[in-house]
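Protein sequences appear in the order of chains A and B. Mapped onto my numbering, the consecutive letters of the first sequence carry residue numbers 1 to 258. Mapped onto my numbering, the consecutive letters of the second sequence carry residue numbers 1 to 247.
Since the hints were made in silico from the structure, they are not lab data. Do not rely on the hints blindly, as some may be mistaken.
[Unchecked claim] Pair by pair, the computed Cβ-Cβ distance ranges are:
hint, chain 1, residue 1, chain 2, residue 2, range
1, B, 63, A, 89, 16 to 24 Å
2, B, 114, A, 16, 20 to 28 Å
3, A, 229, B, 128, 40 to 48 Å
4, B, 37, A, 236, 35 to 43 Å
5, A, 161, B, 64, 29 to 37 Å
6, B, 128, A, 35, 39 to 47 Å
7, B, 13, A, 132, 28 to 36 Å
8, B, 13, A, 117, 33 to 41 Å
What you are looking at is a predicted structure, and each value in this text was computed from that prediction instead of being measured. From the three backbone atoms N, C-alpha and C, an ideal C-beta is built for every residue, glycine too.
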Amino acid sequence: MLIRYLYLHKRSVPRFFEIIFWPVMDLLVWGFLTLYVQGMVDASLSKFVVFILYGMIFWDILYRSQQAVTISIMEEIWHQNILNILVSPLHIWEWLTATFLYGLLKTAVITVILMTITRFFYHFDMIKELGLAVIPLAANLLLFGWVLGILTSGLLLIWGYSAEALIWGVPYLMQPVSAVFYPLTVLPDGLQMVAKALPSTYVFEGVRAVMRGEGLHPKYFLTAFGLNILFFIISATFFEWLYRKARASGRLVRLGMY
Amino acid sequence: MLVEARNLTKVYADTKALDNLSFDLRRGEILGLLGPNGAGKTTTLHILLGLLEPTSGEVLITGLSPFKDRSTIAHKINFSSAYQTLPQNLKVNENLLTFARLYGIQDAKKKIPSLLELFELSHLQNRITGALSSGEKTKLNLAKCLLNDPVLLILDEPTASLDPDISEKVRSTIQRIQRERNMGIIYTSHNMFEVENLCDRIIFIHRGKRIIEGTAGDIQKSFETVSLEQAFIKIARGGEVVVGEKS
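Chain A extracted, bound-state conformation (with noise of 0.2 Å):
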């Protein structure tokens, strides 16, 4: 499935587009915006003017992967094949992990872009401020990302089309309440508290921290990975229940058609 994945991106104009152009063109907003802010800030702050960079690009790791799992399964909706792929002997978990490093790759690539125009258009160097520390923090991005994705997904398995919606805007519902943009702190103590439940809150605060000086304690990203992991076996669960409830329902066979 994987393969089958990457032929698209040979000749495909609007996947070409979602790789390149679209990251491409928010990160010149942001970054505009960032040397704009910085500019009217004193050098203590401008510091972490540069975090709305840097946020927006790991923000896009999450984004990335969980669009890479549930944009795979709408598609072989859209295209009338899901029942084809079904009756084949590709296990749902299969399909789903093809789906997983199709993300992982997808992401890879645009991540690698937009630090080097960070780099090169805006200089800001993103590898040097943070080091080794991206690796951890945007491997718990991405696993929240596929997260995400299983759980979009099995609801699109039970919803079909009245589920697309979610695809697009599960990653928003999460944005408010990660701080991506700014310190936990800044939430009203509600949404701290659901803040603090999500594994993508500590990311973006362990980056933070790094920025800070304070280089990344391990309990940011630990945190991340329990509750990734956690949260990876509830949403796994539901997907595996949501999927025996289609194929017992009836809505198995009749995705595509409603």
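Got chain A sorted already, so can you dock chain B onto it with the hints?
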């Protein structure tokens, strides 16, 4: 016995899509599953394919359950439907290669060209699937179906929307391959002429129940009609119900 379906029942909320349906299929046999729209034909096929769980009853394919032994069964069966297409944005050979990998076909590089030749699609192997005509897409679906040399083929209206010339070519190819490979085929169609010529045995379903089973000739005699089409219309319009008899 290749397929054994026993007392299959499927209830959705307040609708009984299948009502105690039982039938068998032997290897080398083509079984036609006929009935008006909503009779339960596609529901039956989906249960055989392991895509839909029956409310009660059991189905075995080569003695195994398509639900409990899905991995084993999936390698032995294949499926083509007029309502499922291969990804339109892949080339013909890319689609076949993808499915060859899904079915674990070892000699795909030899098999795919021979299937393309069989279905007269060799000159289209680098064509984008979406650019094919309906007949060509149908033939591609059938080529995909034969990748894993299935013992059971399930064909859901495979020649719907095809012109008579292409329909006849597709039917002849199916018949030839079925005889060569001794495959069992379950075939649904609204084309009575096609069913009469292709199927060894026919089961008529209406409102989820088996109405009659037999050869085309037996069914015509039972309903005192001169054609299978007239028998179909009689059944669909609530004609006399004959308790299912095997000829």
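Tested hints:
Roughly 18 Å separates the CB atoms of residue 63 of chain B and residue 89 of chain A, a value that falls within the hinted 16 to 24 Å. For residue 114 of chain B paired with residue 16 of chain A, a C-beta distance near 35 Å fails the hint of 20 to 28 Å. Separation of residue 229 of chain A from residue 128 of chain B is about 42 Å and conforms to the stated range, judged on CB atoms against 40 to 48 Å. At roughly 39 Å, the beta-carbon separation of residue 37 of chain B and residue 236 of chain A lies within the given 35 to 43 Å, and the hint holds.
About 34 Å separates the C-beta atoms of residue 161 of chain A and residue 64 of chain B, a value consistent with the hinted range of 29 to 37 Å. The hinted range of 39 to 47 Å is satisfied by residue 128 of chain B and residue 35 of chain A, whose Cβ atoms lie roughly 44 Å apart. Residue 13 of chain B and residue 132 of chain A have their C-beta atoms about 57 Å apart, which leaves the hinted 28 to 36 Å range violated. Here the CB-CB span from residue 13 of chain B to residue 117 of chain A is close to 55 Å, at odds with the stated 33 to 41 Å.
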